[in-house]
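Visitor: Between the sequences and the hints, there should be enough to build the whole structure, so can you do that?
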Amino acid sequence: MKVLVIGSNGQIGQKLITLLNESKQHTVRAMIRKQEQSKAYEDLGIETVIADLEGPFDSIVEAAQGCDAIVFTAGSGGKTGDDKTLLIDLDGAGKSIEAAEQASIKRFIMVSAIQANHRDNWHEHIRPYYAAKHYADKILKSSDLNYTIIRPGILLNEPGTGKVLAESNITNGSIPREDVAKAILYALDEPYTYKKEFDLVAGDLTIPEAFQKI
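Using this note's numbering, read the sequence shown as starting at 7 and increasing by one per residue.
Since the hints were made in silico from the structure, they are not lab data.
No residue lacks a Cβ here, since even glycine has one placed at the ideal position from N, Cα and C.
Accuracy of the hints is not assured; some may be wrong.
[Stated by the list, open to error] Once the Cα atoms are required to be at most 16 Å apart in a straight line, the calculated EDC-like pairs of lysine to aspartate or glutamate come out as: (1) Lys90 to Glu53; (2) Lys219 to Glu203; (3) Lys144 to Asp97; (4) Lys202 to Asp150; (5) Lys188 to Glu28; (6) Lys169 to Glu107; (7) Lys201 to Asp126; (8) Lys201 to Asp143; (9) Lys8 to Glu53; (10) Lys144 to Asp195; (11) Lys202 to Asp126; (12) Lys40 to Glu53; (13) Lys144 to Glu130; (14) Lys219 to Glu173; (15) Lys112 to Asp195; (16) Lys188 to Asp150; (17) Lys30 to Asp195; (18) Lys144 to Asp210; (19) Lys147 to Asp210; (20) Lys202 to Glu173.
[What the hints assert, rightly or not] Beta-carbon label-pair distances, calculated as ranges: (21) Lys219 to Asp150: 22 to 30 Å; (22) Met7 to Lys45: 19 to 27 Å; (23) Thr212 to Thr33: 22 to 30 Å; (24) Lys40 to Phe63: 14 to 22 Å; (25) Lys90 to Thr212: 13 to 21 Å; (26) His124 to Ser149: 20 to 28 Å; (27) Thr177 to Glu42: 36 to 44 Å; (28) Lys40 to Asn152: 25 to 33 Å; (29) Glu48 to Glu68: 14 to 22 Å; (30) Asp49 to Ile132: 32 to 40 Å; (31) Thr212 to Glu42: 37 to 45 Å; (32) Thr24 to Ser174: 40 to 48 Å; (33) Asn163 to Pro214: 34 to 42 Å.
Guide: Have a look at this one:
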């Protein structure tokens with residue numbers, strides 16, 4: 007597959023792009039917002055395309071042309087306000103889903119947040135973030151895309167272990183960003199994950215073992 011990564015400058019996005027670039031099964035196109043962000047990727051032989059989730063919708067469609075899958079790892083970040091959360095995590099995700107449909111791309115992987123599907127378990131201080139993720143996921147599920155929604159727990163910067171727990175209702179937990187990226191890579195063409203949504207935290211199973219139990 008040729009995979010468009012949306013959220014290329016995020017920590018998960020960067021790790022995923024590296025994994026895709028090293029993969030023998032897939033190729034990658036990194037979506038960036040500014041031309042000056044391209045050099046680091048292009049020095050590694052990684053294709054880039056310029057488009058902004060807050061910019062014109064047609065530019066996202068154009069960025070997706072020729073790809074077989076989209077991975078949405080974008081996020082407004084903890085230092086922005088609720089307005090950016092709305093524009094990136096909700097509307098940006100919605101635009102990306104619509105762009106996939108217009109570009110005739112069927113495979114779409116969404117990086118969401120643990121328990122985003124259960125309002126009663128949303129953390130009070132980031133409820134707008136959870137609301138954005140919740141409704142972005144609903145938009146994806148109502149589409150005709152072959153989706154996978156991965157809801158990782160608290161994200162850690164420590165090295166990945168390759169061992170995870172993937173279930174439909176995990177109430178808490180954490181996971182290295184590296185393991186989230188590895189899970190996305192494995193999920194791309196793994197039928198066990200098609201049309202599925204699940205929480206993902208550190209665990210005792212390898213990623214293939216965990217995904218077979220979803």
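Visitor: Now look at each hint and say whether the structure bears it out.
Guide: For each hint, the structure was consulted:
no., hint, result
1, Lys90 to Glu53, "violated, 27 Å"
2, Lys219 to Glu203, "holds, 13 Å"
3, Lys144 to Asp97, "holds, 12 Å"
4, Lys202 to Asp150, "holds, 13 Å"
5, Lys188 to Glu28, "holds, 12 Å"
6, Lys169 to Glu107, "violated, 33 Å"
7, Lys201 to Asp126, "violated, 24 Å"
8, Lys201 to Asp143, "holds, 12 Å"
9, Lys8 to Glu53, "holds, 11 Å"
10, Lys144 to Asp195, "violated, 22 Å"
11, Lys202 to Asp126, "violated, 21 Å"
12, Lys40 to Glu53, "holds, 14 Å"
13, Lys144 to Glu130, "violated, 21 Å"
14, Lys219 to Glu173, "holds, 8 Å"
15, Lys112 to Asp195, "holds, 12 Å"
16, Lys188 to Asp150, "violated, 25 Å"
17, Lys30 to Asp195, "holds, 13 Å"
18, Lys144 to Asp210, "violated, 30 Å"
19, Lys147 to Asp210, "violated, 29 Å"
20, Lys202 to Glu173, "holds, 10 Å"
21, Lys219 to Asp150: 22 to 30 Å, "holds, 27 Å"
22, Met7 to Lys45: 19 to 27 Å, "holds, 25 Å"
23, Thr212 to Thr33: 22 to 30 Å, "holds, 25 Å"
24, Lys40 to Phe63: 14 to 22 Å, "holds, 19 Å"
25, Lys90 to Thr212: 13 to 21 Å, "violated, 36 Å"
26, His124 to Ser149: 20 to 28 Å, "holds, 21 Å"
27, Thr177 to Glu42: 36 to 44 Å, "holds, 42 Å"
28, Lys40 to Asn152: 25 to 33 Å, "holds, 31 Å"
29, Glu48 to Glu68: 14 to 22 Å, "holds, 19 Å"
30, Asp49 to Ile132: 32 to 40 Å, "holds, 36 Å"
31, Thr212 to Glu42: 37 to 45 Å, "holds, 39 Å"
32, Thr24 to Ser174: 40 to 48 Å, "violated, 29 Å"
33, Asn163 to Pro214: 34 to 42 Å, "violated, 24 Å"
Checked against the numbered hints above, the structure breaks hints 1, 6, 7, 10, 11, 13, 16, 18, 19, 25, 32 and 33 and satisfies the rest.
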